[in-house]
Structures are given as structure tokens and as C-alpha cells.
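Assembling the complex is the task here: the two chains are given apart, and the hints tell you how they should meet.
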Amino acid sequence: MTIPPHWYLALGTGLFTVGVVGVLTRRNVIVILMSIELILNAVNINLVAFSRMFHSVDGQVFAIFVITDAAAEAAIGLGLIIALFRNKETVNADEIDLLKW
Amino acid sequence: MTPVQALDFIRVLPEIVLASCAILVMVAEPFVSARHTAALAWVSLIGIVAAGAGNAWMRRFSGPAFGGSIAADPFASYFVYLLLLAAALTLLGSVRYLETNQVHHGEFYALLLLGTTGACLMVAATELIMIFIGLEISSISTYILAGFRRADKRSNEACLKYFLLGSFATAFLLYGIAFIYGLTGTTNLVQLSEKLSAPGARPPLLWIALILAFVGLGFKVSTVPFHIWTPDVYQGAPAPVTAFLSVAPKAAAFAVILRVFLGGLASAGALVFWLLWISALLTMCLGNLAALWQTNIKRLLAYSAIAHAGYVLVGMAAAKAAGPEAGEGIASVLFYLAAYALMNVAAFILVAHLAGAGERYQEADDCTGLAYQRPGVAACLTLLLVSLSGFPATAGFFAKFYVFRAAIHAHLIGLTLVAVLNSVVAVYYYLRVVVAMYMREGNPRASASPLPWPLGAALALSLVGIFYLGLFPTPFVRLANLAASPLP
Numbered sequence: 001m002t003i004p005p006h007w008y009l010a011l012g013t014g015l016f017t018v019g020v021v022g023v024l025t026r027r028n029v030i031v032i033l034m035s036i037e038l039i040l041n042a043v044n045i046n047l048v049a050f051s052r053m054f055h056s057v058d059g060q061v062f063a064i065f066v067i068t069d070a071a072a073e074a075a076i077g078l079g080l081i082i083a084l085f086r087n088k089e090t091v092n093a094d095e096i097d098l099l100k101w
Numbered sequence: 001m002t003p004v005q006a007l008d009f010i011r012v013l014p015e016i017v018l019a020s021c022a023i024l025v026m027v028a029e030p031f032v033s034a035r036h037t038a039a040l041a042w043v044s045l046i047g048i049v050a051a052g053a054g055n056a057w058m059r060r061f062s063g064p065a066f067g068g069s070i071a072a073d074p075f076a077s078y079f080v081y082l083l084l085l086a087a088a089l090t091l092l093g094s095v096r097y098l099e100t101n102q103v104h105h106g107e108f109y110a111l112l113l114l115g116t117t118g119a120c121l122m123v124a125a126t127e128l129i130m131i132f133i134g135l136e137i138s139s140i141s142t143y144i145l146a147g148f149r150r151a152d153k154r155s156n157e158a159c160l161k162y163f164l165l166g167s168f169a170t171a172f173l174l175y176g177i178a179f180i181y182g183l184t185g186t187t188n189l190v191q192l193s194e195k196l197s198a199p200g201a202r203p204p205l206l207w208i209a210l211i212l213a214f215v216g217l218g219f220k221v222s223t224v225p226f227h228i229w230t231p232d233v234y235q236g237a238p239a240p241v242t243a244f245l246s247v248a249p250k251a252a253a254f255a256v257i258l259r260v261f262l263g264g265l266a267s268a269g270a271l272v273f274w275l276l277w278i279s280a281l282l283t284m285c286l287g288n289l290a291a292l293w294q295t296n297i298k299r300l301l302a303y304s305a306i307a308h309a310g311y312v313l314v315g316m317a318a319a320k321a322a323g324p325e326a327g328e329g330i331a332s333v334l335f336y337l338a339a340y341a342l343m344n345v346a347a348f349i350l351v352a353h354l355a356g357a358g359e360r361y362q363e364a365d366d367c368t369g370l371a372y373q374r375p376g377v378a379a380c381l382t383l384l385l386v387s388l389s390g391f392p393a394t395a396g397f398f399a400k401f402y403v404f405r406a407a408i409h410a411h412l413i414g415l416t417l418v419a420v421l422n423s424v425v426a427v428y429y430y431l432r433v434v435v436a437m438y439m440r441e442g443n444p445r446a447s448a449s450p451l452p453w454p455l456g457a458a459l460a461l462s463l464v465g466i467f468y469l470g471l472f473p474t475p476f477v478r479l480a481n482l483a484a485s486p487l488p
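Listed in order, the protein sequences are those of chains A and B. Under the working numbering, the first residue of the first sequence is numbered 1, with each subsequent residue one higher. Under the working numbering, the first residue of the second sequence is numbered 1, with each subsequent residue one higher.
What the hints contain is simulated information worked out from the structure, not anything from laboratory work. Treat the hints loosely; a few may be bogus.
[Stated by the list, open to error] Capping the alpha-carbon separation at 20 angstroms, the derived lysine to aspartate or glutamate pairs in DMTMM-like fashion look like this: (1) B:K153 / B:E363; (2) B:K153 / A:D58; (3) B:K153 / A:D94; (4) B:K195 / A:E95; (5) A:K100 / B:D152; (6) B:K153 / A:E89; (7) B:K153 / A:D97; (8) A:K100 / B:D365; (9) A:K88 / B:D152; (10) A:K100 / B:E363; (11) B:K153 / B:E99.
[What the hints assert, rightly or not] Output of the computed footprint for chain B on chain A, the stretches with three or more beta carbons under 8 angstroms from beta carbons of chain B: (12) 27-35; (13) 46-58; (14) 65-77.
All values reported here derive from a predicted model rather than from experimental measurement. The C-beta atom is built at its ideal place from N, Cα and C for all residues, glycine as well.
Chain B with its partners taken away, still in its complex shape (with noise of 0.2 angstroms):
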């Protein structure tokens, strides 16, 4: 055990400043009059942008931490990036949300933080007990987030669920872990993959302590059969925070799931593989088919979330597949988050400003004629939508297309065709709601009011990253190649 060095601080910058940003956040609170209460969500902006900033000049000390249990490698950077945009695109959508539901205070914010610190340690994590803690500390500031509309019963409702099953499969999560540290004697995935590398070192009860791990990390990421809180949750939490959710957290679990089940669990191949291969089909299937019933927005947009994230697990199951030609399907899975990230979270900053004052506009019917009245409101959400479903030019279509070129190169021909049938499906309940906008007459019932300018500044910001993806994908995939390059 190597002491603690100056390295070991700088190799974990993002969170800290994240975390001291959210503790001053937090102190000041109580000393800012109501009326400035803005001021706080400003400071957490450049908090969040310093983060980014420690991010990028970190790159030059990357290594392992504090006795290996964090690493700092373009793994963790290229999802420290993601988190922190999802972080900060869902604090330009919440400023005026806040006010209008007379809920602006300054904790949203700290929480926000602190939400963003965990999943930033979940996705450096290479260590089973950090892991945890990255884990715990973002999912108990979102299940506040979920419930910050006190007055609003189904806001309590929402935030209620999320907490109980969140408990429930982290305790499923941790009693795999226990096995796993039973059955190996390590939770540093580094020393857990040389020592299940080794021949004949396979423990019998290996497969019991996968699948508990996997249902607790399948249900943050929303797969089938784990899915049945989303729906409830994503309609009930505030808008902004189910944005937040939908990413930040489930990109966080995905990160984890790549490095602990094709990192260090790698030599347990045939099962992981089945387990990503099932529930890939089972939740593209079983999202796009929900969705199509859907008449509320946000119920839609969370069945929605949970087909993009079987997307996500074929890309998973290729890269588990194609055993040491693995890069490709990581890298495919990187670019899907990226783009999913931008398109989700301005979506729901969009529908919380539409939904107007206690939310009570998010039927699709709600935003009948919408395109006659606010024409630019209506043209950002169809192309959001739009992107969604996976159109050419965006930054939905080369996502697919990289999972589903993966894929093929993986030799996973029918699970490519579900998947392809699937995004053909999804494009009849995306596209609902844009003939209600522009096909049907009538006043919408959904917010009129011209936007604020942080949330319209945020959708300008993620529109352009989703066309840009959608145009020039070719230097983001370099990326997207290089980050998952230390992986197995």
C-alpha cells in the first residue's frame, strides 16, 4: 500500500471541485435572499465549468489512485465530459423552472452536484467498494431531486418509488459484490481479472454473484425486466430533474457495467454475454412496444429511454462478442451515450418549460397547434424528437448506426434486425406528437410563453452538438475509439 500522494488529489480534481462547489452551495444557501437565489445556480455553472476545466488538464497525470481504487484514464474523462454537460444543460433548464413552480431553492443545486460528483466516481471507479460510494452518493441525491416538488403528490409518489427499488437493487448489487469478494478475496477489479484469468480459477458460485450484480446495475439503467419504476419516475419527478436522471446516472451505470463485466469480470464470458444479449432484446422490445400507448410526453420519453438504452446494450453484447476486437462496440456504445445525452436532457428541459406552471400540460394533445404559435418552439422539439427516432443528419442516426455496424461485425445478425425493426417502430410515437404540433388546428393548451433565455441557450448548445454529430461524426468517433481504448 503506496501512501497517499499531491497526485492522488490531482487524478480526482473533477470531483473535488464538484463537491466543494456543492458543500459552498450549500453553506451560502441560508445567507442568499429568495430574490438571488439565481446567483447560486450561476456559482454551480462555474463550478461545474472549473470541473471541466480540471478535467482537460488533467489528462496529463493520468494513472491510478489512491491505492488503485480510481483511475484516471480517457475512459473516465470522456464520461467526466458527458456527465458534466448533461449536468450543466439540465441546470440552464431548471433556472426558470424553478421559479415558476415557486420551488427555487439553492439545495436543487448542491444536490445537482453532488449527484454529478457520484456518478463521476462511479465512472472512475475500478474498485468494487468505490464503485458503491460513487453509486450511493448519486442515487441519494436524486432521489431527493425526484421529490423536490414537496407540495405535489405526484412528485412524492415519484421520488417514493424511485427510493425504494433504488434501495432494493442496491442491495441486490451489494450482496453480489459480497459474493464476488468471497468467492476472489478482491474488489479491485484490476487484481479480480488476473485472478479470474488464471487457469482453472473459475469459482463455482461465479454466476450467482453476476446476476445479483447485474440486476442492480440493469435496474439504474433501466433494462427489462427492471424497467417498472421509470415510467412512474420520469413522469412524476420535476422535468429537469428527469432529464438529469435519464442521463447522468444511467450513463454512469453504463460506464460501470463496461468495466466491471467486459473488464473485470471479462473471463466470464458465455454468461455476461447472454445476460447483455437477453435483456438488449427484451428492452428494446419491450420500450418501443409501452411507448406506443403513451398519450402523456414524459411517460413517452421515458419508455423512449429505456428502448435507447437496449441500443445501448446491443452495442454491449457486440462488444462482448467480438472477444478482443472489443473497441469497436465499446467505442459505439460511447458515441450512443453522447448523442442520447444531448437529445434527452434538451428534450425534457423543452417539455418541463411546455408543461408550464405544476406541470400540467405534458399530454401530447397539450401541444396541439403549438407550431402555429411558437413556430421555433415547435421546430426545436420536432428535431429533437427527430433525432431521437434516428433520422439521417442527426446525431440519433450514426449513433444507431455505429451499435448496429458493431453489431453486425460481431456477428450478431439477429439481434441487428430486431434492433432495426425496433427504431423503425419507434418513429410512429415520435412522430405523434409532431402531427399534433403542426398537422392538427387549435389552441395549445402548453406553455406559450417565449422561452428564457438559459434554457434557450442550452437547447441552441444541443442542437448544435446533434448536428454536429449527425454531420461530422468522424473526429467524435476518435474519440469516442481512444476512450474506450483501456478498457480490456
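The following block holds chain A by itself, in its conformation from the complex (with noise of 0.2 angstroms):
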């Protein structure tokens, strides 16, 4: 039995849903870039979801240069974070406050 497309989108949408809405509210900054990385999975279950339903493989090679951005990304971020406890101690979003208005 095969799984409709359309399941996957749902499912793609309900980790979209989780990643945008854990980058709105959650606070500490780790936390807020594993959500952006839910949003990227998201897109990449849409993508094979796509591809499979096209037949066509176009949505999987784009997948996977969306898997190495995200792991480049993971890196440049954490080595930010990093860089910024190392002056501020704090991960926190609330408390990186120098520069407003």
C-alpha cells in the first residue's frame, strides 16, 4: 500500500508549524536554531514527497544540497553562539540586547 502525496505535506506543514512557531517563542538560541533546522527538514519531506510524485529526481538532488546547507549552517551557528558566550556568557535571546533602536 503506498502512502497518498498529500500525507506527506501534511507532515512537512506540521513541522513547518513546529519550527516557525519554537523560533517565535523559544528564548535560548541553541533552541531557536534547532527549530529553523525542523523548518529545513520540513522543506526536504516536501521535496522527496514532490519528487516521488513527479516520478522525476529533481526534488531529491535539491534535498540533499538542502541536507548540506543545513549542516553548513549548523556549523557557521554553533561557532557563533560560541564566539558569543565567550564575551557575554549567556545564550539567551533576551539578554543579547546591546544594540536597539
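Shown next as C-alpha cells:
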């Protein structure tokens, strides 16, 4: 039995929503980063589902690029967070408030 | 699918040159002693010039490359020149800055070149996957550049904000692209345009994809309401990096908006037009109004950059509204971006010099009486600000003139009126800095040391450009028109 494409899309939308809500409500920078990764994975699920729907490989190739990009982003992001933590000793977004208005 | 040929590589020559030069700089960096780091800057500058030469030579070989994912056309070529110019000016402005701030590392130049490479790929891409890759190459390099002064808390904060909001926006863009792919079955802009313009082929959910993609790109060009990061990042990032950030990724993202929303997705007419129209209105008004209250020069220029993005969007809305005669609007946008690049990079690298070691003096008041100590520097900053506010005889004037004319020709009278009013309001905050320099007595706290020669050369180059565009715009307008031709 095959799973119809819109099930995958529903899963993707769910992950996307969780990610967006996470970015907007969480205050820990690392959790925000994780929420962004969730959105990227929602994109990947959509891409692979569409790719299967069209019987073409484009979407899967795209998904591999997205995975690579997510890895690069995680590496850079954690590096930046360490650089910040060395100076400020916090990863709380509310305390990162030197620059305002 | 045609096999890859040598011609394909020729058509991405500027990107290849830039990327090789960046890798060379990065590999050579550990072997170069700290005293000679400046040599890496000159190597990078040679790389940029060589990429420009490659771009000129490539003109004879224009056409699609790599199975239609990249196009070497006059449009891409125009933007590549513009991006290389921004990179070269930034580089000249940052050599001494990095020494003064004791962060003179070769990686800076490598990242600058990679950021430019990504932006060049973005403007040449005609395939959504390629656009995404270019965007990420340029974004990831600029994230690091924004935090380049590692010991400075403001720089840390700026780069973290830029990174988090930037990747959030990229995720939105990707989600939009995934939907476009799902609805049409293709990510190639040419095929997309063919599929969507076929009668009765309009997929029902396309508007969601469009809005998501617009949010992602709107972030990169800092349109209201996705501009919140801009002032913070522009203030906190090292000033030469801000110069680069405010021009290169922004111009590249505008090129992508032109290619995607006026090229590939052109048939989704009304929604795109209203998206552009509303964000143009909000961006102009909010950018200018918020700039009125700023005392910090970097922040003031950040809000001014937001307002300028609004004027560019007016040109885009005009192009969209004009339908088949979109050429005039697109050409006005291209002209505007060239003028904007010259003015903004120069202004930020001059501010980088004035702010001194550790960027301590960024307030407008720190420039009090600067005209009496350093008349040349003050005059230079004045000319740049005057051009940014759009006075006649400067590039800023004709940039605004062509955009407004295109908007009137497209019957966007209301929007043009708002834009004109906005540019009048803008004069106030630009001139406030000038008033502080000329009309008030006192000792300027801002660095009164003489301009280092690379910075002087960069400023001279941009001032010549600004006055050339302001006095003899016609040849350049012809160039912009040529570049605008391959779009719709």
C-alpha cells in the first residue's frame, strides 16, 4: 500500500509550524537554531514527496543540497554562538540586547 | 540533458576566478606572516579585477550554461560588474580598518571574495536550486564577516541576529520553492514561465508559494516588515562589512526578485504587483521616518538603506504595472542600484575611518566641527550624503528621477507622490550630520587622522562615479536598458 502525497505534505506542514512557533517563542539561541533545522527538514520532506509524485529526481537532488546547507549552517551557527558565549556568557536571546532602536 | 562542455565553464568565468582566488587566499594565509597580510588584500583585488576582465571577455559567449541553470546574459553581466565594484571598494576601505582594529586576518578577504561569488551566482542563476545555492554561499560568508571583530560584543550580537533571522528567512524561501516545484514540477525559470502562461494552467495554491518566497527574498533586501534585523546588524557589524552587506547581497537579491517575479512567475500578475506595491510603500515610509530619530551614523545609514530599498521597489512595481513595457522600470531599478552601490559603500567605509579604533565614535555629534580640522574628509562625507538624499548633479538625483518617471509612466501616481514626499523628508536627517560637521564649533571626537591611501582611492573612485552618473547619465542609462532587455 502506498502513502498518498498529501500525507507527506501534512507532515511537512506540521513540522514547518512547529519550527516557526519554536523560532518565535523560544528564547534559547540553540533551541531557535534547532527550530530552523526543523523547518529545513519540513522542506526536505516536501521535496522528496513531490519528487516521488512526479517520478523525477530533481526534488531529491534539491533535498541533498538542502541537507548540505543545513550542515553548513549548523557549523557556522554553533561557532557564532560559542564566540558570543565567550564574551557574554549567555545564550538567552532576551539578554542579547546591546543594539536597539 | 546535454553533456557539460567547455563553453559552460566559460559562462561562469567570473565566479570561477573569484572562487579560485578565495581558495588561494585561504590556503596561503597560514604561510603569510602577520606583517604581510596586506599582500593577501592585493591578491584578492587582482582576483576581483581579473573576474571583471573575465566578465568582459565572456560577453562573446553569452547563453545558457549547465543545462539552463545559469544564464550568461547582459543582465547577469551588469550585476556582476556592480557586485565586483562593491567588493573592490569594500576591500580598499577595509585594509587599514582591519589593521587599526587588530583583526587583520587573511580570511576576511577570502570570505569577502566568497560572498561576492555567491552573489554573482545568484544574479546569473535561472534555476531555483541554483539561486538557493548562490544565496547560501553569499549569506554564510557574510554571516561570518558580520562577526569578524570577535572580541567585540556588538559585533557578536550583530552576527548572531543576522545569522538567526537570515537562516529563518532562507527556510521560508526554501519552503516556497518546494511548493513552486510541487505545483509546477519544475524549478527552471524558463520552463516555469512556459508552464504558468499556458491557458488554464494556474495552480490553485501558487499564492502561498509566492508569498513564502517573497518573505525570504524580502528579508535579504530588508523590506518592511522584514527589516527588523537591518539597523542592528548594520550598526554592530564592522563598518566595511556593513558597506558590503548593504550593497552586494541586497543587489543580488533584487536581481533574483526581478528574475523570479518579473520573469519566471510573471503570469501571477496582480498578486506580485500588490506585494511589490505594498512593500514599496511601507519600506519607504518606515525607513525614512525611523531614520529621523537616529543619532548614530551607522544606524542612520541603515534606515536610509531601508528607505532606498523602498525606492527600488517603486521601480519594480512600475515595471510590473507596465506589463509588456516593463523595460523602463527594470532599467530604472538597475540604474538605481548602481548609484546606490557607489554612494552607500563609500559612505560606510568613510564612517569606518571616522569611527576610529574599536569603532568608538559613531554618533553624529562625534563629528562636531570636523570641517575645521579635516575639510577634505568633511567635504567628502557631505557629497556622499547629498547624493544619498538625491540632490541634482549627483547620481542619487538621476537614480530617483528615472524610478519616479517609470512609476508615472506606469500610472502609479499615488505611489510616486509618496516617494517624492519621502525623499524630501530624507533631506532632513542626511543634512543633520552635515550641520554637525560645518555649523557647530568644537573638537571632533571622530578620528581626525589623514585618510589612508587605499581608502582615499576608493572614495575618489566612487565620487568620480557619482558625479559621472549625475552629470552624464545617458550612456549609463543605455547600458541599463541593454541589461534589462533579456528579462521579459
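Structure-based check of each hint:
no.: 1; hint: B:K153 / B:E363; result: 18 angstroms, holds
no.: 2; hint: B:K153 / A:D58; result: 43 angstroms, violated
no.: 3; hint: B:K153 / A:D94; result: 15 angstroms, holds
no.: 4; hint: B:K195 / A:E95; result: 49 angstroms, violated
no.: 5; hint: A:K100 / B:D152; result: 16 angstroms, holds
no.: 6; hint: B:K153 / A:E89; result: 11 angstroms, holds
no.: 7; hint: B:K153 / A:D97; result: 10 angstroms, holds
no.: 8; hint: A:K100 / B:D365; result: 19 angstroms, holds
no.: 9; hint: A:K88 / B:D152; result: 10 angstroms, holds
no.: 10; hint: A:K100 / B:E363; result: 14 angstroms, holds
no.: 11; hint: B:K153 / B:E99; result: 19 angstroms, holds
no.: 12; hint: 27-35; result: holds (count 3)
no.: 13; hint: 46-58; result: holds (count 8)
no.: 14; hint: 65-77; result: holds (count 7)
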